[in-house]
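Put chain S on the given structure of chain U with help from the hints.
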Amino acid sequence: MSTQSTAQAILHRNHVTVTGPEDAPPVVLAHGFGCDQTMWRHVAPDLARDHRVVLFDYVGCGRSDMRAYDPARYGSLRGYARDVLDVVEALGVRDARFVGHSVSSMVGVLAAREAPERFASLSLIGPSPCYVDDPPYRGGFSRADIDGLLDLMDRNFMGWVNMLAPTVARAADHPDVSAELTQSFCSTDPLYLRRFAEVTFLADNRADLPRVTQPTLVVQCSEDAIAPEEVGLYCAREIPRATYRKLRATGHCPHMSDPTETLAVLREFFAADA
Amino acid sequence: MSADLDEAPCGYLRFDERGTILRCNAGLAQLVGRSVESLIGARIERLFGVPGRIFFLTHVMPTLCGTGETRELQLDLRTEAGRDVPVLWNAVMRPGPEPRVIDVVVVEMAQRAEYEAELLRARRAADEARRERERAAEQIVQLRKFESLSSLAGGIAHDFNNLLCVVLGNAQLLQDEFVPNHPARPLLSAVEDAARRAAELSGQMLAYSGRARLVLSPLSLDAVLEELRPAIAASLPGPTRITWQLAGDGATIDGDRDQLRRLLSSLLQNAVDALTRPDAEIVVRTSTRTLDADALAQCHPGSATVPGAYAVVEVVDPGHGIDPESRGRLFEPFFSTKAVGRGLGLAAALGITRAHRGAIRIESAVGLGTTVTVALPRRGAPSRPPARTAPRDAAQANVVLVVDDEPALRTLLVRGLGRMGFEVVTADSGGAALACFAERPDIACAVIDLDLPDTSGIAVLESLRQRRPELPAVLMSGFGDAALIAQVGALHRTGFHTKPFTVREVGDTLQQLLRAPRSGI
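Protein chains in written order, with this note's numbering: chain U, 1 to 274; chain S, 1001 to 1521.
Next comes chain U alone, as it looks inside the complex (with noise of 0.2 Å):
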């Protein structure tokens, strides 16, 4: 396969879609587990003014090419890290602004580390390098916790009801959400959903941190339950060249329940980086 056939088959694979001007500097936005590129919808046309947007689905995500999932490549994070990394690659993007949310966070620590030249500068939404307690580290979680939620998630997933099923009847009781959104919005397959839930959950990845070497910005939100504001101190602690901004947002998806502190807070950080 020629090389451009092959990024071809990359950018579809990952689903990939391109927005904003083609002299921008670029913007990779990396959704988080559980979703897809679409919980960009509120920061990415804001940001394609003046930025070159690259959104993606992890394979097995979205609308990603289910048929390229494998288990063993995403048996760990290093899996997902290749899919940026092959993104990013297929465009031929270097020193891109990295926006990662949730998990998304240490896929894009890990991606950096692999090709430094590609990556200008990290910004990670709710970071935690190790979701379960491990004394003195503190991650917010213990092993049962992590448990009780791969039940709850086959509970859900594994029986009738299923949480993910396309909903196009009710669109029109949405006018705000298309029909293509609500097909699309976290449609990723059930048990690769389940597997990405271990490998995000147990994952460490605390011995990563000091090996970043590009300027980051840690964004915690207020009350969030996922990585608390004590996990996100510790990132900005260990990553050397870290910047650390705390939102009055609350929960775990600032960009989508607050878009607009959320926004703000990534340009002060891109312009200072630029």
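Honestly, the hints are just simulated from the structure, not real lab data. Just to be clear, a hint being listed does not mean it is correct.
[As the list claims (entries may be wrong)] Computed from the model, here is a short list of chain U residues facing chain S with C-beta under 7 Å: (1) PHE33; (2) GLY34; (3) CYS35; (4) ASP70; (5) ALA72; (6) GLY148; (7) LEU149; (8) ARG155; (9) THR250; (10) GLY251; (11) HIS252; (12) SER257; (13) THR260.
[Unchecked claim] So the derived label-pair ranges between C-beta atoms look like this: (14) ASP95(U) with ALA1008(S): 56 to 62 Å; (15) GLU1325(S) with LEU263(U): 38 to 44 Å; (16) SER1038(S) with PRO25(U): 38 to 44 Å; (17) ASP204(U) with GLU1325(S): 17 to 23 Å; (18) ASN1090(S) with SER222(U): 25 to 31 Å; (19) PRO190(U) with ALA1295(S): 49 to 55 Å; (20) LEU1228(S) with MET66(U): 19 to 25 Å; (21) SER222(U) with GLY1238(S): 32 to 38 Å; (22) ASP95(U) with TYR1115(S): 28 to 34 Å.
[To be verified] If we take Cβ atoms under 7 Å as the criterion, some of the chain S residues that face chain U in the derived model are: (23) ALA1042; (24) GLU1045; (25) HIS1059.
Here the structure is a predicted model, which is why all the values come from computation and not from measurement. Backbone N, C-alpha and C fix where the C-beta goes; we use that ideal spot for every residue, glycine too.
Same frame as chain U, now just chain S:
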């Protein structure tokens, strides 16, 4: 909140997309054992235990924001007393100005949850059974692959050994044709060295095939490791240390000393090669363990499956570890992750372990290191000191019958044994050997290839010994067939050489046999 909604047989609540509870009915407050007033203004996550909270934040909220609703989700509400109440959860996001609001209805489903949990357990059991079948199928594929590759490797090694025997022997004979400082000697010496290295490779291939000659004797793994210690210590780079934790319990196995040395050397060399820090420490540990079927099932396919007492050696290195993709191929011949290496070390280790009816297992984590465990079936009897060989003596004029179908080998033995003072008569088949033996009553000993075109070497020897029971003989083979080796081991006044050998080695064995008392060596 209307009185009707308060009394409805379900829980109702409304929260905004930032997670603040705006209203709820008495039914919901009752479900979680709290008052309506205490819930208003609280955060929605407080309704869940930790697992439910993660699920809510990573799945429920994003789905609500994305699609506007979540239907028929199973969630557990956490009561004030810390008990989980399973509920069916339906939620819809109301369009409007931000922050948008979400209306939720929950219905308790304790009995149905239990029923579904039963189904889930059955589903998990079925999945586990399927995985078990897949593992078994994969093991069969691996075993077939191993059988096929080992057959190929054994066959190639056999033919190579025949050829190497001719190369090595003639190179040695040719060297004797030249005076000590003749310029041809270093060239022939280089040929000999290359042939010996090729013989070493051939030996590893034979070991992998499981058809290598095994000379079993009672020995302890501790003793074999102690023998290897000086050479290993000398080869360690700089400050690298090996901690020897030997059991010292005298546990013995039935093992081939040379093959076990090859196996353990290979494991130790791999451990040294895997190190990423110069001051790293390798641990070598021996123990005696009772391994059950489950423990053995964790080992590489083809390993022993019989539960019982095993002598175990573990080599632990804190090196770079092995990635999962490579881990599946480690035992394949000619697969190597090293820049330098032929990829036969672990393949041979597997063959040797299997030939000893043992088990081998590799556990590894990238960046953390690797542990290789080899378990060999333990024997009860204590170790015996190795038999001493008789001192070498001068050649005596004896007539030796050489039986081999390979002309180049016959020629080599005629030349080489002739130089050692033997008179050599040859035969190219079993039938020719018997005829020759009948004609030459002065034949004092015989050298017989095990694999003859018309019969086996063992059968020829038995026929010769029907006429002369004490006839000394050396049997030779391109590979050691386990059944044949066992027969040879039971024969008295009989030596054995695996090709490639040097003619001098064969001649020495013949001389020892000729001088040994008739009870054999």
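For each hint, the structure was consulted:
Contact between PHE33(U) and chain S, as hinted, is supported at the beta carbon level, the nearest pair being about 6 Å apart and thus within 7 Å. The beta carbon of GLY34(U) comes within 5 Å of a beta carbon in chain S, closer than 7 Å, and the hint placing it at the interface holds. Using the Cβ-Cβ criterion of 7 Å, the hint placing CYS35(U) at the interface with chain S is satisfied: the shortest such distance is roughly 5 Å. The interface hint given for ASP70(U) is violated, since its Cβ lies 10 Å from the closest Cβ of chain S, which is over the 7 Å cut-off.
The beta carbon of ALA72(U) is positioned within 7 Å of a beta carbon in chain S (closest approach about 6 Å), and the interface hint is therefore held. For the restraint placing GLY148(U) at the interface with chain S, the shortest Cβ-Cβ distance is roughly 3 Å, inside the 7 Å limit, so the hint holds. Interface hint status for LEU149(U): upheld, as the beta-carbon distance to the closest one in chain S is roughly 4 Å, under 7 Å. Satisfaction of the interface hint for ARG155(U) is found here, the shortest Cβ-Cβ separation to chain S being roughly 5 Å, below the 7 Å cut-off.
Nearest Cβ of chain S to the Cβ of THR250(U): about 5 Å, under the 7 Å cut. The hint holds. Among the interface hints, the one on GLY251(U) holds; its C-beta lies about 5 Å from the nearest C-beta in chain S, closer than the 7 Å criterion. Given hint, HIS252(U) at the interface with chain S, holds; its Cβ is 4 Å from that chain's nearest Cβ, closer than 7 Å. Taking 7 Å as the C-beta cut-off, the interface hint given for SER257(U) holds, the closest approach to chain S being about 6 Å.
Among the interface hints, the one on THR260(U) is violated; its C-beta lies about 9 Å from the nearest C-beta in chain S, farther than the 7 Å criterion. At about 58 Å, the CB distance of ASP95(U) to ALA1008(S) agrees with the hint of 56 to 62 Å. Range check, GLU1325(S) to LEU263(U): Cβ separation about 41 Å, and the 38 to 44 Å hint holds. Roughly 50 Å separates the CB atoms of SER1038(S) and PRO25(U), a value that falls outside the hinted 38 to 44 Å.
Judged by the Cβ atoms, the range 17 to 23 Å given for ASP204(U) and GLU1325(S) holds: they are separated by roughly 21 Å. In this structure the supplied range 25 to 31 Å holds for ASN1090(S) paired with SER222(U), their Cβ-Cβ distance being about 28 Å. One distance hint, 49 to 55 Å for the beta-carbon pair PRO190(U) and ALA1295(S), is violated here, with the actual separation near 34 Å. With their beta carbons about 52 Å apart, LEU1228(S) and MET66(U) fall outside the hinted range of 19 to 25 Å.
Hint check: SER222(U) to GLY1238(S), Cβ distance near 52 Å, so the stated range 32 to 38 Å is violated. At roughly 56 Å, the beta carbons of ASP95(U) and TYR1115(S) sit outside the given window of 28 to 34 Å. For ALA1042(S), the shortest C-beta to C-beta distance to chain U is roughly 12 Å, which exceeds 7 Å, and the interface hint is violated. Proximity of GLU1045(S) to chain U holds as hinted, the smallest CB-CB distance being about 5 Å (cut-off 7 Å).
At a threshold of 7 Å, the smallest CB-CB gap from HIS1059(S) to chain U is about 5 Å, leaving the interface hint in force.
Hints 4, 13, 16, 19, 20, 21, 22 and 23 from the list above are not met by this structure, while the remaining hints are.
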